[in-house]
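As given, the protein sequences belong to chains C and H, one line each in that order.
For the first sequence, our numbering assigns the number 5 to the initial residue and increments by one for each residue that follows.
For the second sequence, our numbering assigns the number 41 to the initial residue and increments by one for each residue that follows.
Derived from the structure by calculation, the hints contain no laboratory data.
Since we're looking at a predicted model, the values are computed, not measured.
Think of the CB as a built atom: it goes at the ideal place given N, C-alpha and C, for glycine as much as any other residue.
Check the hints yourself; a few may be wrong.
Claimed, not checked - Sample of chain C residues facing chain H (criterion: CB under 8 angstroms; computed from the structure):
1) Asp14
2) Leu215
3) Asp301
Unchecked claim - Stretches of chain C that chain H covers, calculated by requiring three or more beta carbons in the stretch to come under 8 angstroms of a beta carbon on chain H:
4) 19 to 26
5) 145 to 158
6) 283 to 294
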Amino acid sequence: MMTKKRMSWDTAAVLLTLILLLAAGVYALLWPHPDFSDSERRYLTEAPGVPSLSAWKTDQELEDYLSDRVPFRPVLIGTDAVLRTALGERTLLDAWPAAGAILEPPVTGSPSAVTRRLEQFGSLAAALNVPWNVLVPETHGYLLRNRLNALLRAQYLTEEALFEPLRTDAHFLDVFPDGTDPQEVYYRTDHHWTLQGAYMAYLACCRAGQLSPLALDDFSLSRYPGFLGTTQSRSGLPPVHSDTLVCAEPRAAVRLTLPEQEAAFDRLIFPQRAETYDGYAVYLDGNHGMLEICNDDAPGGTLLVYKDSFANCLLPLLAANYSRIVAVDARYYAGSFSDAAAAAGAVDRLLFLYSLDSLVNDTAVARKAGH
Amino acid sequence: MIFSSFTFLLLFMPCVLLLYWVMPPRLRMPFLLAASLFFYGWGNPAYLLLILWTMLLNWGGVLLMTRKGTPSRLLLIVLLVLNVLPLIWFKYAGFLADNLGRLTGLRLVFAAPPLPPGISFFTFQALSYDLDVYRGDARPQKSFLLFSVYLSLFPQLVAGPIVRYTDLEAQLTAPARPCGAEMREGLRRFCIGLGKKVLLADSMGRLWGSINGNWTQAGTLGAWVGLLAFSFQIFFDFSGYSDMAIGLCRCMGFRIPENFDRPYRALSLTDFWRRWHMTLTGWFKAYVYIPLGGSRRGAVRRNLNVLIVWALTGLWHGAGWHFVLWGLYFALLLIFEKSVLLKSAVWSKVPRILRQGVTFFAVMLGWGLFSGFGLKLFAALTGGYGAASSETLLLCAAYGPLMMICAGFCFLPAPERFPLRRFAAPLLLLLSLAALAARGFIPFVYFQF
């Protein structure tokens with residue numbers, strides 16, 4: 005009797021397992037899914053095409069399609085990330101949990117790439133005959149290095165070689181003085197600056213441009229809790245902490261123009277974007293190839309900024325001091341840096357603002373800065 | 041199709057097993073053949089022609105060979121040659137042309153075709169059938185269906201274990217109805233194999249992959265850690281596949297031979313090869329070593345036979361001199377072991393842990409030859425590229441705990457009782473699915489053979 009009962013339990017357990025696996029497969033294959041994954045911030049693999057015997061690749065195409073749509077994929081990815089972290093493999097994740105934050109891996113590359121970028125920036129500024137600065141913030145991992153173990157610290161210290169050509173260049177703006185608290189200037193779940201970090205960059209820019217900076221309290225501030233940034237999603241780890249986005253924009257009337265989209269707005273902060281997967285797009289409605297910010301009440305002239313997303317939280321602060329800011333993002337702008345300068349018209353100053361990784365490794369910046 | 045893919049785990053496997061169980065017994069074999077051919081043709085349908093040819097050749101050829109009662113020796117030779125020809129064409133033609141070109145100075149250009157998965161495995165199974173029937177160890181199979189199922193049984197089709205016809209003959213003729221306990225044990229074994237492959241072998245493979253491309257950065261430490269990782273990878277990868285194959289067969293009521301028996305706990309190389317890829321060593325022993333005379337004709341002949349068998353074993357793994365060198369390396373060590381070491385009273389008095397360590401060390405160096413990185417690897421192992429970079433130290437530290445787990449599974453005795461055994465299989469399945477979703481899969485190492 006017991007044996008029979010036992011056998012039926014065995015059968016039921018096996019059948020249930022197989023039915024669950026099949027249900028997961030059918031769900032992944034047939035259930036309608038969105039094309040974009042918010043949690044992974046990427047487009048999912050398209051459905052496999054009709055197979056042909058001459059170019060048979062159904063195997064990999066279907067595999068990618070199923071993998072992207074497997075039920076509970078975020079939970080599975082989170083489980084794997086937690087297991088790997090528990091096994092000490094955190095540095096093998098795409099972003100590392102360390103010292104209370106989730107860090108991007110150290111930036112690797114050649115110092116000669118930095119030197120080359122500086123030459124390109126200098127050539128452009130000389131051609132335009134305007135003063136210029138370059139601003140590249142030290143990374144979160146580098147700032148946190150003294151709170152990391154020796155092996156991790158050694159990794160982030162390799163970034164010093166990349167900063168060497170910058171620090172010997174008179175146009176470099178050093179944003180973070182010694183003793184800066186990394187937790188204050190960087191988000192825990194994102195690789196971008198906090199408002200405090202952006203404000204320190206703002207002060208450095210004002211010093212370089214001989215402008216009078218406003219106090220933070222002089223800006224209009226807004227707060228958006230529950231922000232989970234890029235490093236959080238890249239790590240795959242389940243969110244333990246979230247950040248609060250604190251945004252600042254001038255109290256004066258400003259105008260944001262996006263020439264490529266032929267759109268104009270009377271604000272620099274877009275609260276509805278805080279509710280989306282990409283909360284950082286609350287600044288300037290995200291990334292654009294070219295944008296223009298005008299503030300008729302500002303005392304300064306025109307600033308042309310070549311930038312990546314790091315500048316998005318800084319530009320609203322600079323808008324208090326410059327009557328016109330034109331910003332160009334090489335990743336989305338079709339033309340070269342010279343084309344952008346021509347499109348911007350007369351400018352009084354240039355600012356090149358990139359993360360270390362973009363400066364060293366972004367091929368779009370390297371290519372377009374040379375023309 | 042690969043076991044550790046979502047296509048297999050979420051669609052093919054549950055569909056086939058569920059349908060197999062609910063199907064009337066008389067339809068099971070045709071269904072199994074269809075499923076096996078679908079499985080094989082999924083990666084490239086053109087290869088179906090090859091396996092269909094092998095089926096027809098051996099089924100028809102053996103019936104022809106035995107039509108007059110006494111098997112024809114001539115027909116056997118023809119059959120063996122016709123079986124081996126596709127293997128030579130796909131696997132060795134490029135190697136032969138290359139070496140012939142070097143010897144003669146001629147410019148022989150041969151674009152080697154992609155190797156059909158499992159060709160070495162199913163060719164050896166076909167050969168074993170032909171030889172067993174010729175020697176009178178098995179009766180010719182009159183049913184094309186049953187013979188085709190034997191040759192193409194999908195769980196072991198592309199990477200073994202190499203099943204001899206005599207192992208499956210009775211099970212094919214009167215297949216057992218899988219009971220609940222068998223199904224559960226089969227699925228449990230499959231999950232263990234999946235865990236070995238996805239959680240251990242693939243991770244070790246990634247470590248080895250990070251190291252073997254950059255010896256300057258890896259240095260001595262990285263090279264040793266990398267070689268150890270490769271040793272773990274190849275074991276967990278291949279034994280994981282064997283576990284999955286054995287488990288799937290069991291789910292369908294078939295019992296196929298074991299392929300591994302904790303080989304890294306071996307106390308000598310002779311012992312190691314009794315525990316590693318047991319079905320291949322068994323095949324060479326039965327069909328090459330013993331027919332050559334084995335150890336019955338004196339030490340010199342035995343040593344020559346060992347050299348022949350191991351050169352062939354090396355070549356079976358791949359068309360490259362490093363595989364031959366790997367085979368001969370083991371041949372020489374085995375000859376030394378049989379002639380000197382195992383005969384001396386001293387070796388048996390050496391502590392067990394030391395014998396195990398020396399054996400594993402010799403096997404690990406063998407994997408160094410097997411890997412094909414040759415002189416660069418051995419230069420790195422002996423300090424030719426410096427100690428190690430900080431990146432390598434970080435990499436080794438990251439993989440350290442997992443390597444300890446691998447070492448525990450490889451070197452420690454199996455526990456008598458495992459308290460969480462009931463939960464091990466579902467947990468491994470879940471963690472494997474998680475790893476596959478996050479990191480994808482790495483093809484099985486033995487698929488290239």
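Each hint, compared with the structure:
1. Checking C:Asp14 against chain H by beta carbon gives a least distance of about 3 angstroms; that is within 8 angstroms, so the hint holds.
2. Hint status for C:Leu215: violated, given a least beta-carbon distance of 42 angstroms to chain H, over 8 angstroms.
3. Nearest Cβ of chain H to the Cβ of C:Asp301: about 51 angstroms, over the 8 angstroms cut. The hint is violated.
4. Check result for the stretch 19 to 26 of chain C against chain H: holds, 6 residues qualifying (beta carbon to beta carbon below 8 angstroms, three or more required).
5. Residues of the stretch 145 to 158 of chain C lying with their CB closer than 8 angstroms to a CB of chain H number 3, which satisfies the three-residue condition for coverage.
6. With a threshold of 8 angstroms between beta carbons, the proposed coverage of the stretch 283 to 294 of chain C by chain H is violated, since 0 of its residues qualify and at least three are required.
Hint violations for this structure: numbers 2, 3, 6, all remaining hints satisfied.
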